[in-house]
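Peer 1: Protein chains in written order, with our numbering: chain A, 50 to 265; chain B, 3 to 222; chain C, 196 to 685.
Because the hints were derived from the structure by calculation, they are not lab data. Among the hints, a few may not be true.
What the hints assert, rightly or not - The calculated DSS-like cross-link candidates involving lysine-lysine, where the alpha carbons are at most 27 Å apart (straight line), are:
#, chain 1, residue 1, chain 2, residue 2
1, B, K98, C, K396
2, C, K396, C, K506
3, A, K136, B, K98
4, B, K200, B, K147
5, B, K200, A, K145
6, B, K98, B, K200
7, A, K252, A, K150
8, C, K312, C, K223
9, C, K223, C, K587
10, A, K150, B, K135
11, B, K167, B, K200
12, B, K147, B, K167
13, A, K136, B, K200
14, A, K150, B, K200
15, B, K135, B, K147
Said to hold, decoys possible - Have a look at the derived ranges for each label pair, beta carbon to beta carbon:
#, chain 1, residue 1, chain 2, residue 2, range
16, B, G121, C, N616, 16 to 26 Å
17, A, A242, C, N616, 56 to 66 Å
18, B, L19, A, C99, 19 to 29 Å
19, B, S165, A, N203, 34 to 44 Å
20, B, A36, A, A207, 44 to 54 Å
21, B, K98, A, G230, 39 to 49 Å
22, A, G230, B, Q163, 56 to 66 Å
23, B, R101, C, A630, 24 to 34 Å
24, B, A22, A, L92, 28 to 38 Å
25, B, A36, A, A242, 41 to 51 Å
26, A, A207, B, P41, 25 to 35 Å
27, B, L7, C, W306, 21 to 31 Å
28, A, G230, B, S165, 53 to 63 Å
C-beta atoms are modelled at their ideal positions from N, C-alpha and C, and glycine is treated no differently.
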Amino acid sequence: MSTPPDNFRLEQAAASDDSIQQVHDRLRSTKPDREHGYSKTPLILLGVMCTLVFFGSIYVAHYSIRFDPLVVNEHANREKPDDGTKKTFTRAELGKPVFIKNCMLCHQANGQGQPNIYPPLAGSEWVAGTEERIVRIILHGLNGPITVAGRDFNNVMAPLGTVLNDEQIANVISYIRSDWGNSGPEVEPSTVARVRAEAAAQKGPYTAEELLKIGN
Amino acid sequence: MKNGLLIFLGLFVLAALSWAVVLLAPHRQYGALAPAVDPLDGLQHPYGTSGLANQGRLVYQDLGCVTCHTQQVRHGSADLDRRWGTRPSYARDYVKDGRVFLGSSRLGPDLRNVGARLGDTATPAEYAEWFHKLLYAPGSVGAHKPAHAFLYEVRPIRPGQASAKALHLSGSAAPAAGHEVVPTHRAEALVAYLASLKDTYEYPVEAQVNAPAGKKEGGH
Amino acid sequence: MSSPAHSPEPVERAKNRAEQEQIDATAKWPVLAFLGSGLFWLFVGGVMQLAASIQTHSPGFLAACEWFTHGRLAPAAQNALVYGWGFNAAFAVGLWLMARLSAAALRHGGWLLVAGKFWNVGVLLGVGGILGGWSASYELLEFPRFVVLLLLASYALIGVWMVTTFSVRNTENVYASQWYLFAAAFFFPWLYSIAQVMLFKAPVAGTLQAIVNAWYVDGIYALWFIPLGLAVAYYFLPKLLGRPINLYYTAALGFWWLIAVGVLLSGIRLINAPVPVWVPTLGIAASLLLVLPLIVIGLNLLGTLGRDFGKALASPTLSFVSLSVLSFLLWGGLTIVTSMRGVAAGFQFTLGPSGLDWLALYGCFSLAAFGAANFIVPRLTGREWASPALLKAQFWAAALGLGLFTVASLVGGFGQGALLNNPAITSGELSAALAPWLAARSVALMLLLVSHLAFLLNLVWAVCPINSGKARAAAFAPPPDLKPAAEARS
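Bound conformation, chain A alone (with noise of 0.2 Å):
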């Protein structure tokens, strides 16, 4: 070599593979040789190690919340609430959809019905009166002149038994019996039950007169 090699264009080696490896594996296990007795380090890093998972622990315990998967907020309430979400609703809260899917469009959302053609609910003593009555309609449907709230009707109504169930049923009628005014007891699905086994018989639509016949 005439000149000596420029390091930059070629590095080379301070010190084999064989002895990096050598000497660091018997620096594995040594600390460095100090004069007073001990290294400080292994106890600074035992130190840090612990205050670091103390911390980490103490933030998890804290903004994990129960580690419930529905919460998305750290800052949610960590304490478990009551279930109050098990909201219990009333027969006549739980009426008032199967209402408006199956009863508004006819009998109106304020429970009038249309003058001459659907009579209303609101102030109906068929609604008021004995549930023998109300379920039957419900269920078979109602045909031919009706009475309600002294003034005349005659259209029909389509049975809705094989639509909703008893416990619709129950709930449809605990809400038109508390909305527009009336007030009346809940039905029970026990009842809706009982008067569907009595009235499977029936066939086709009810008439006024038949149901007069049934109930007080």
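Following the hints, put chains B and C in place on chain A, whose structure we already have.
Peer 2: Below, chains B and C alone, put in the same frame as chain A:
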């Protein structure tokens, strides 16, 4: 460490730990999360999209919209003040989404409720018009985003057969005289997907467990 | 420079040198092939990345063509850089390093070439697939499904090579670099296959997909690229400085703690996301624990470097490796700080996180790979580097580019975060405020391309003997032995 086997075992344990804690545990917790059924009307929330909106989801995916747009409304943040949503996004919102595009970059605004961005009074046609403009000529509605004009067809108006779907553009964005800009099927699908993006249902369970802790909670 | 106080006989040293030359000879074509293909993807990906960056502040750029719309170009660029450049460079450097440290030749290197070819075919199909509209839309997993088995099969071959080279090692001891190489080689197939199963084969529903995706992306950076960068640093610092790693007895602690943190860190990408809140909380706690490996590895590596920054700058390898170590420490520190929820609220969804990821991929890993390549290539080709000026240009352009990119991402990112959290600021005002920082990032990427061009020129002169006058034949002096710490400091 002399022993390669020891290193392997250590790494394997850590890998298994990672999988179990970070992936398996959440999966066991809410992997089967179902939509909430409203007790009053019996409807499922979220209901899921179908048809054109689902195809639009695929267009969203292949065009890589997730590169610049997130779909997550953060709780207790300016996201709600910006009306990017009426409530924070919950995990349940995404269970019917197929591929979830949560996103990690907001070069553009969050899109989780973009289907409600113009408010309740805007009609679906107005939403569609706005989305089409954003995609075809964003500059015309003041948006600083790349145009996706390749999703549209500029064609001459056939005599007496102007397309009802043509975009109403003006100014520099408008096509040459006698031409109209018509969305392709992919543009319509994408717009249908965007219009379907709105999370409005208030989940009673999520709302309750995420309610902030009362003031009587000490400190922190 | 060599004081033969504890060195073996000249015959032994010459024998060591001969063995190393033999190892290098078997590694030559696989390593050069991987490096070459890596460079190809570095340019392709780099140009795409630059174009995508330009699109962020000039949205009309390339907007007319569906293939280059930003939503496709940006992921294509990222995947090209990660899987094309990152993995090829990792294979090149990792295989050479493992062969040297195991004192075992790379046998049947032809298979490695085949595996590398399939890997590159897979990446090509994947990147093309993203541009063509078959993107799967998960970060770093956008490659269409037909590419997956190809990549896994190629990796299996290459990974098997790394492991068998290690298992037939002629050395008794396992050095720190080998731990990190082992860890990286071990984790990737697990990360990739589990992510593929849980996202595509038996897809999880809802935001679990985001959890899996974040786990995978975090794994790629914290468990693949960072350990590879550290492996290079742990090897080249003693190799070129002639003194052992400072406080080496703590290195094992640093290694295991870093890996343990890395496997649990992914939650920090999901802060405020619609996932169970304990997932990001766990990630934040893990990032707090990152302090310890940062301290230990910092003591190990910066402690070895000592105050020899001048010496480092005068070395084409050490300059890159030192900057890589600094990048790692900066990445770690920033990760810890930005994972704190208060800071994260103003950092997430901005330019910032992409700047951090780039610090891991480019700062920690790529710079280390360049440094390693600057050392390895002369030993494989038997030629010196032709142009020291280009080597210096490569370093300074890379350093400036990375610095500018990091600063622009952080400052721009925090600014963007503040504006995002201010409901009065509209999207239009936000874009206007962000434009200068986005432009700065584009400039930074141009600087990086300049750096890579300088490297390419030097590499071509070194590998192709066309201009044989330029690159002189290299004369290697047998390296002396490492002195244990006590004597080295005298």
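Peer 1: Hint by hint, note whether the structure agrees.
Peer 2: Structure-based check of all given hints:
1. B:K98 to C:K396: Holds, at about 18 Å.
2. C:K396 to C:K506: violated, 52 Å
3. A:K136 to B:K98: Since the Cα atoms of A:K136 and B:K98 sit roughly 26 Å apart, the hinted pair holds (cutoff 27 Å).
4. B:K200 to B:K147: holds, 22 Å
5. B:K200 to A:K145: OK: B:K200 and A:K145 at ~26 Å, within 27 Å.
6. B:K98 to B:K200: Within the cut-off at roughly 13 Å; holds.
7. A:K252 to A:K150: holds, 25 Å
8. C:K312 to C:K223: holds, 16 Å
9. C:K223 to C:K587: With Cα atoms ~25 Å apart, C:K223 and C:K587 stay inside 27 Å; holds.
10. A:K150 to B:K135: Violated. A:K150 to B:K135 sits at ~38 Å, over the 27 Å cutoff.
11. B:K167 to B:K200: holds, 24 Å
12. B:K147 to B:K167: holds, 23 Å
13. A:K136 to B:K200: holds, 26 Å
14. A:K150 to B:K200: holds, 24 Å
15. B:K135 to B:K147: holds, 12 Å
16. B:G121 to C:N616: 16 to 26 Å: holds, 23 Å
17. A:A242 to C:N616: 56 to 66 Å: Holds: the Cβ-Cβ distance is about 58 Å, inside 56 to 66 Å.
18. B:L19 to A:C99: 19 to 29 Å: This hint holds: roughly 21 Å between Cβ atoms.
19. B:S165 to A:N203: 34 to 44 Å: violated, 52 Å
20. B:A36 to A:A207: 44 to 54 Å: Because 34 Å falls outside the window, the suggested range is violated.
21. B:K98 to A:G230: 39 to 49 Å: At 42 Å between Cβs, range holds.
22. A:G230 to B:Q163: 56 to 66 Å: holds, 58 Å
23. B:R101 to C:A630: 24 to 34 Å: holds, 31 Å
24. B:A22 to A:L92: 28 to 38 Å: holds, 33 Å
25. B:A36 to A:A242: 41 to 51 Å: violated, 29 Å
26. A:A207 to B:P41: 25 to 35 Å: holds, 27 Å
27. B:L7 to C:W306: 21 to 31 Å: holds, 25 Å
28. A:G230 to B:S165: 53 to 63 Å: Check passed, 54 Å falls within 53 to 63 Å.
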